[in-house]
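Enquirer: Single-letter residue listing:
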Amino acid sequence: MATQTDSRVPQIGQRNKKGQLITDPQELFLNSTRTPYFLTGSEVIREAVRRSSVDFSVAYPITPQSEASSLVGELYAEGYVGDYMRGESEFAVMGQCAGAAFGGARVFTTTAGPGTLRAFENFPMWAGSRLPIQVVFTVRGINSPLTIQPDTLEIAFMLETGMLLWHAESAQDLFDFMLKGYYVAEQPEVHLPIGVICDGFFVTHTKDMVMMTPEDQALPHYDPYRSPVVCMDMEVPPVRMMRDPFVMKSNYISYMTHASWQLEIRAAIERSRKHTIPLLDGLIEVENGDAEIMLVASGTAVSQAREAIRLFRDKGERVGLVKIKTLRPFPTEEIRRATEHAKHIFVPEFNVAGWLAREIKSTIDRNHRVVAGPHVAGGMTMPPEIIVEEVEKHMAHRRNKELVHG
Amino acid sequence: MANRIQINKEFVDIMPQDYLDLVESGTYETPNRGWKDFGTATELIAEHSLCAGCPESIAFRHIMASIPNPEDTVMVGSTGCTSLVFPMIAVHNIHSLFGNQNAIATGLKRALAVRFPDRVKDVIVLAGDGATVDIGLDMTLQSWFRKERFTTICFDNELYANTGGQESGLMQKGFLAKMAPVGKRFEKVRLPEIARESGCDYVAIMTASKPSLVEKVIKQAVLIAREVGPTYIQIYTPCILEIGKQSMEGLQEMRTSEAPGERFKFREFISPEAQSFLDGLAEKKKAEKIATTT
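These protein sequence lines map, in sequence, to chains D and G.
Numbered according to this note's numbering, the first sequence spans residues -1 to 404.
Numbered according to this note's numbering, the second sequence spans residues 121 to 414.
Simulated from the structure, these hints should not be mistaken for lab results.
Quick caveat: nothing in here was measured; it's all calculated off a predicted structure.
Heads up, the beta-carbon is just placed ideally off N, CA and C, and yes, glycines get one too.
Be aware that one or more of the hints could be misleading.
[As the list claims (entries may be wrong)] Some but not every residue of chain G turned toward chain D, in silico, with C-beta under 7 Å:
1. N189
2. D192
3. V194
4. T226
5. V234
6. L361
7. I363
8. G364
9. K365
Same shape as in the complex, but just chain D:
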């Protein structure tokens, strides 16, 4: 059996064919020496893949991830990735990823915007088949007329696919989330696909300082025999999988099977918390938690909110921040606690729909406190002044209402 004890698969403490030392994940994440590098987000994706012992990667060009997925090809040419190919469409790419994951490989791919939607049917299938594939979504607009501009609307479509979804604020998050994402997604009690999301262009095409783990250290290889479902490689004795295909049955057993399987996927998402919380230092990060006005955001909107807080501070006003790191699992309790004392909660977003505000409204009490906004869309930037203006406009409106009705 080609298990982790197979002599071909280097174990912790051994070196792989590129001379990288296979390193205990906790040691790699928490104790390895980090060195600063000044890189684009696309280059950060390459560096995270280099350190992740990836068996198979499929690429397909779509802005703004094209550079990243071709850089992974260069890693393959250098011998860091087991196999690599260009697929023919995102729907096919996600099928190719699934086939490789069914066959016991650690898989990486990346897509964006219309690519995400073209591939969409695959994502709940991945989750239902318990395939711990990692896809980096470098999110961009999905509207017509054609756009390649940054926009986070596609995330709204991903929320109920059964995947783990982590939203990176920065290139540093992207690097850490990719490495840690494999570790959490492959835990036997989790074993789900993971979408590591970063905002297209703002993260992929800008240079940032990133503290990286050593280039000559890599994650242990994926062990498909720790999967909660059978690896499709004929290495375990075959069985007839079931006596009646559930697809054709309309009876209680069939309903129960499908219902309980869906619940199990959601339970597996929740079980990822205990692995994720120590690695990401919580599912949220809070700044000025005692402030009456709180900004709650994910992705690069967090960075803009940080700047807005600084502007408020200059004006002598104290405003707080909740950074959401994981959208699935959604940090419901954490957000409730962090906003417990807030009187006003603003949710700045890079999309027209305000899906994050909806998520928050549906999970916290006294949700009249939530203001969905400001929103920018279609590729607009979100200067911190817009956030300040939104807050001040809302507060002025509240004061006027109180004067009239008070």
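Since the structure of chain D is already known, use the hints to place chain G on it.
Expert: Structure of chain G alone, referenced to chain D:
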């Protein structure tokens, strides 16, 4: 008796009899396995839920009896009548979505090649004509363009059977069906010819009426896919329900359709590379025979 396919002694008393039968008298690791094993060995397919007399079940049995090394074969299916059978066959098999079977097989074959570089791991796609030619045509062709090393088998019943008999690309022109209310307006898609032009090293079109021929074609296709390049087999498995036949009439329907001049008359294409591979195999077999008789 197989070596790799064994049962844990602790489980013998709790496993169902048909599982014990598979281990005891299945045909894993039997080099010359074939349809002649019917009746004496436990088959890899049992108790399918297809209609009584369905030619697809006949084709399925012949194929499962013929694949050269089931102990190292993984199959990929798609949505349709075949997906009712796959849960009951005794090799690992994958159903994921409708039409993506050749994309799944691409990733699977490559992953198995990365993980088992020194072992033979065959991948076989088996899907209906809707999956192969209509919704999945892009992925079918692209896997051939890329020369992916697996076999694609299409069960051609010339319509969408599982959804109740709708028009498909492999349906004959003029056939009156659901979604073809005035008869199909265009010709049956010529996928065997397209397969040849798309890079397949072996292509066969046939019915399932002759088990020996099915066995020969399947073995050739799997071995060529393993060593040379992609292979494609299109087998007529008429949907007796949708063409108004009785349960016992499937075999005759296949025979009629493979007569000279008919659309399923047996044809095969073998690329020069595949032919030289087959010649090599035949020579090796001959040499072995001489060695054992002298």
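Enquirer: Would you mind marking each hint as holding or not holding in the structure?
Expert: Each hint tested on the structure:
{"no.": "1", "hint": "N189", "result": "9 Å, violated"}
{"no.": "2", "hint": "D192", "result": "5 Å, holds"}
{"no.": "3", "hint": "V194", "result": "5 Å, holds"}
{"no.": "4", "hint": "T226", "result": "5 Å, holds"}
{"no.": "5", "hint": "V234", "result": "4 Å, holds"}
{"no.": "6", "hint": "L361", "result": "15 Å, violated"}
{"no.": "7", "hint": "I363", "result": "22 Å, violated"}
{"no.": "8", "hint": "G364", "result": "23 Å, violated"}
{"no.": "9", "hint": "K365", "result": "22 Å, violated"}
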